[in-house]
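**Student:** Take a look at the letters that make up each chain.
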Amino acid sequence: MSRQPRASGHFRIGYAEDLKLIQTPLERWALAALLVVLGGLPFLASPFLLDLANQVFLASIGSLALMLLTGYAGQVSLGHAGLLAAGAFTVGILAKELGAPFWITLPAAALVGSLLGLLFGLPSLRLRGLYLAVSTLALHFLVVYCGGEYEARRGLSTGIVIDPPSIGGHAVTSARAWYFVLGLAATGTLLLSLNLLRSGTGRAWAAIRANETVAEALGIGVAAHKLLAFVLSSLITAVAGALFGYYRGFVSVEAFSLFLSIQYVAMIIIGGMGSLLGALLGALFVTLFPYGIEAALGALPGAQRYAGALFAVNYTAFGLVMILFLVLEPFGLVGIWRRIETYFVLWPFKYRPLAGRPR
Amino acid sequence: MQLAVNIAVLTAIYALIACGYVLVYRVSRVLNLAHGELMMLSAYLLLVTASQFGSHWAVAIATALGLSGLVGVLVYLFLMRKMTGEMVLAAVLTTVALGILLRGATVLIWSAQQHYPVQRLNITNFAIALPGGARISLCAALLVATMILVYSSLFAFLRLGRWGVRMRAAGQRPLLAAQRGINLHIIYAMAWGLSTLIGAMAGMLIAMDQGLDQTMATIGLKAFPAALVGGLDSLLGALVGALIVATAEILLIHYVDPLLSEVVPFAVLIAVLVVWPWGLFGTREELDRV
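Chains as they are written, first to last, in the numbering used here: chain A, 358 to 716; chain X, 57 to 346.
Honestly, the hints are just simulated from the structure, not real lab data. All C-beta atoms, glycine included, are put in the ideal place defined by N, C-alpha and C. Where hints are given, some of them may not hold.
As the list claims (entries may be wrong) - Output of the computed footprint for chain X on chain A, the stretches with three or more beta carbons under 8 angstroms from beta carbons of chain X:
(1) 497-507
(2) 683-693
Claimed, not checked - Derived DEER-like restraints, expressed as beta-carbon distance ranges:
(3) A:381 - X:134: 52 to 58 angstroms
(4) X:118 - A:653: 37 to 43 angstroms
(5) A:402 - X:168: 33 to 39 angstroms
(6) X:242 - A:402: 55 to 61 angstroms
(7) A:482 - X:140: 29 to 35 angstroms
(8) A:653 - X:143: 41 to 47 angstroms
(9) A:651 - X:168: 17 to 23 angstroms
(10) A:574 - X:234: 53 to 59 angstroms
(11) X:310 - A:402: 33 to 39 angstroms
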C-alpha cells in the first residue's frame, strides 16, 4: 500500500479510510474498466494471445508469492523454482499413481508446499541475507533432484503426462476456460496478499524487514512470522506450480531450472521491490520478454542468423535488461509508474513541499 | 587409490574456484555468483588465443590469463563499482544477471558445441601412472599443482605483501582503511582481477582436461558450496570446504549413485549450515544494532 497521496484534494481522515483498498472515484472507474477489459479479452483475442495471458497469470501468482516473502518480509529466496516443481510434481505423481482428481491434488500440492516452506524457512531462523539465499538455492537443487529421481525410477524420463482437470463434468482444456480459471486464481492471490498486508501480519513482516532486533523488542514474534511468511509464500507457489502442471498437461524437471528461480527474482526486481503492483508488472514484463525478443529478431534485418540460437539471444538480452534495471532503475517498473503518477497528482507543481506529509 | 586421486583432483578444482568466491567476498562483501561464468569465459578466451598463437602454447596461455584478469578488473570498474552502496542483494543479483548475460553471449559467439583447446595448443594430455595402480591425466596433475601454488602464494601475499595487507584492511573495515589512505576502488578492482585470474587457471585446466562447453558454469556453481562450507571469508576454510565437499561427492558417486553428483555439494552445504551458520572457519558477522 502506498502512502502516497492518491489524488489532489483527497484527504484521508481516520485509519479505516486509510486502509480502504478503493478510495477515489477515479480508482473505482479504473478498476471497473480493467475488469471489463479483462473479462472481454477472451472473447476477442486469438488463442496465442490467450496463452500469453494465461502464462502471465501463472507467473503473477508465483511472483506475488515471492514478493510477499522477499519484498515484504525481507527474506531472500532463490529456491522458487524448487517450490513450483514440488507443486507440479505432487500433482503429477498423485495423478499418475492414483488417478487423483484436481480437488485432491491441489490441496495436496498446497500441503506439500507449506511443509517445504517450513523446511525452507527453518534456516532463516539462524541465517540471514546471503547465507539464507544460498540455503534456499541448495533446497532447490534437492527438490529438483528428487523429482528427477522419480522420473528416472518410474521410467518416465521424458516427463509425466497429466490429464486436464474437469469441473462439473467439463474438462478444462480450451485456452478460454483456462483464462478464467487462472485469472480467478491470480485475482484471489492478489486479494489475499492485499488483505494480508493491511493486517497485523503484514505490519509484522514490514517490521521484521526493517529491523529484526527492533521488531523483537516491540513484541513481534519474529521466528513465527518469518516461518509464516515462508509457509504462505511456498503454499501459494506450490499451488501455482500445480496449476502450471495442469495447464501444460505435462510435468518434467527440465522446466524447473535454476534459471526459472532467477526469472522470478528478476520479476520482483524489475517490477519493483516491495510493491504488489510491481510483482504484477514484473510478471508481465518477464513473461512477455522472450516473445518480444523473438518478434524483434524477426523484424530486424540481419538478425535472422541468430534465430537458431534463440535461447542464447534470450539469455543475453535478459541478463542485459536485468543489469540495466538494477543499475539504472533500482525501484523497477513501479518506480517509473510512481514518477508518472506523482507528476499528475502534483500538477501543476513539480516538487512536493519539503515539510508536511512524509514522502 | 584411484578414489584418492579423484578426490585430490576434485578438491583442487573446487578449492581453486572457491578461493575466487572467497577473495571477492572477503574484500568487498559481495558474493560473485557469476564466477563460474567468468571462468567459462576465460576458458573460451584460451580457445581464441590458442588459435592465434597455436604453436606457442605458453604464449597462448599467458595471454589468455592476462586477458581474464583484465576482464575481472573491467567487470568491477564498469559494473560492480556502480553497485557499491546499494543493497547487498542487489549487488549479488547483478552478478547473477552478469552470469546469465555471459552464458548467452558465449553461446552466441562460440556456439554450444564442445570444444577441445588442447588440440589447438598441440599438447597431448597423456595419463601418468601413479604408484598403487592409479592414473592421473597431465592436466589433472597440473590442477593439483596449481592449487598448491596458488594457495601458498595467496597466503604469503595476504600475510606479507603490502597490497595483501591493504586488501585485508579494506575487507575488515572499509571506512578506516579508506581514511588511512587506501584506495578502495583499486583494492576492489584488484580483488576482482585476482579472483577472475585464479578462476581462469581452473577453467583453462578443466577445459584442457575435459573439453569445454556450457557445463563449465555449473562446475563453478558446484564449487560455491565448498566456499560456504568453509566460511565465506576464510581462505583456509575454502580449502577445507573443498576437501569435504569433494570427498563426499566422490565417495557417494562411487558407492551410491552417479546421478548424485549434482546435489551432493548442496546437501553437504545445508547440513553444515544448520550446525555452523557461518561455515567452519568463517567469522561470525556482526549482529544488528538498534
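**Student:** Which numbered hints turn out to be false for this structure?
**Tutor:** Violated: hints 3, 8, 10 and 11.
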